[in-house]
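*Asks:* Could you slot chain E onto chain R? The hints should help.
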Amino acid sequence: KAGVTQTPRYLIKTRGQQVTLSCSPISGHRSVSWYQQTPGQGLQFLFEYFSETQRNKGNFPGRFSGRQFSNSRSEMNVSTLELGDSALYLCASSLRGGPNEKLFFGSGTQLSVL
Amino acid sequence: GDSVTQMEGPVTLSEEAFLTINCTYTATGYPSLFWYVQYPGEGLQLLLKATKADDKGSNKGFEATYRKETTSFHLEKGSVQVSDSAVYFCALNRQDQGAQKLVFGQGTRLTINP
Chain R
944 KAGVTQTPRY LIKTRGQQVT LSCSPISGHR SVSWYQQTPG QGLQFLFEYF
994 SETQRNKGNF PGRFSGRQFS NSRSEMNVST LELGDSALYL CASSLRGGPN
1044 EKLFFGSGTQ LSVL
Chain E
4 GDSVTQMEGP VTLSEEAFLT INCTYTATGY PSLFWYVQYP GEGLQLLLKA
54 TKADDKGSNK GFEATYRKET TSFHLEKGSV QVSDSAVYFC ALNRQDQGAQ
104 KLVFGQGTRL TINP
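Residue numbers (the numbering used here), protein chains in the order written: chain R, 944 to 1057; chain E, 4 to 117.
You may find that some hints are simply not true.
Unchecked claim - With a straight-line Cα cutoff of 27 Å, these simulated DSS-like cross-link-like pairs (lysine-lysine) come out:
(1) K1045(R) <-> K104(E)
(2) K1000(R) <-> K63(E)
(3) K1045(R) <-> K59(E)
(4) K71(E) <-> K1045(R)
(5) K1000(R) <-> K104(E)
Claimed, not checked - Simulated restraints on C-beta separations:
(6) S965(R) <-> S17(E): 39 to 49 Å
(7) Q100(E) <-> G959(R): 27 to 37 Å
(8) P43(E) <-> G971(R): 27 to 37 Å
(9) E18(E) <-> F1003(R): 40 to 50 Å
(10) R70(E) <-> R952(R): 38 to 48 Å
In case anyone wonders, no lab produced these hints; they're calculated from the structure. All values derive from a computational prediction rather than experimental measurement. Glycine included, C-beta positions come from ideal geometry on N, C-alpha and C.
So that you can see chain R by itself, here it is in the shape it has in the complex (with noise of 0.2 Å):
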């Protein structure tokens, strides 16, 4: 059974611009949730989808967006990007979202704004 995925594994982008991250969760998984990892705040919750729908935001500006699709794959936007947003961001997935469950994470985006 395949993994989470997240492509691409590494990103360079210049301030201002735009980012688009995707995340494929496993076969049957219809959560999908995304977290921030860096060196000064830790990991930080961006959101969760399921089925579709966002279930759960986390404390990030609006620039910081995401949706998922029909066959439960899942892309994160980050717009007019600004330094702080380097990180390295986690796709995890579950079979459906429940507080008690496992968490699979992929192995991240490394992102990196100049």
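*Replies:* Same frame as chain R, but now just chain E:
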């Protein structure tokens, strides 16, 4: 708001030493508790979890007990190996919210020397 506090790292031990990584939490409501591990260059993997008071989670020789009276979930292992070198994250998820929104501690980097 909800929060998780882990002991500061890095932690360096010799092989076969006893390991404790402290974790305490603050949560409004009734959380599930998790330990995730991140090996170099990889995404996070669930190590163990506990969903109610006095539950003990265990996996690969690691153990942690959900202590509601001290709001703690300390990770222990009796004899560590070089392969245990990784970053360990304590996390909680509120059960009353019915959704998946992990709150992570800052992480503790563990290095085991042969």
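*Asks:* With the threshold set at 27 Å, check whether the alpha-carbon distance from K1045(R) to K104(E) stays at or below it.
*Replies:* 12 Å, holds
*Asks:* Is the gap between the beta carbons of E18(E) and F1003(R) within 40 to 50 Å?
*Replies:* 41 Å, holds
*Asks:* Could you tell me whether the CB distance from Q100(E) to G959(R) stays inside 27 to 37 Å?
*Replies:* 36 Å, holds
*Asks:* Just to be sure I understand the hint, the distance between the Cβ atoms of R70(E) and R952(R) should be within 38 to 48 Å; is that true here?
*Replies:* Holds, at about 39 Å.
*Asks:* Under the criterion that the straight-line Cα-Cα distance not exceed 27 Å, is the pair K71(E), K1045(R) satisfied?
*Replies:* 21 Å, holds
*Asks:* Decide if the proposed pair is consistent with the structure: K1000(R) and K63(E), CA atoms, cutoff 27 Å inclusive.
*Replies:* Not satisfied, since the Cα-Cα distance of roughly 33 Å exceeds 27 Å.
*Asks:* Taking 27 Å as the top limit, are the C-alpha atoms of K1045(R) and K59(E) close enough?
*Replies:* 16 Å, holds
*Asks:* Determine whether the Cβ-Cβ distance between P43(E) and G971(R) falls within the hinted range of 27 to 37 Å.
*Replies:* Between P43(E) and G971(R), where Cβ atoms are some 29 Å apart, the hint holds.
*Asks:* Return holds or violated for the Cβ distance of S965(R) and S17(E) against the range 39 to 49 Å.
*Replies:* 43 Å, holds
*Asks:* Check whether the Cα positions of K1000(R) and K104(E) lie no farther apart than 27 Å.
*Replies:* 9 Å, holds
In this structure, only the earlier hint numbered 2 is contradicted, and the remaining ones agree with it.
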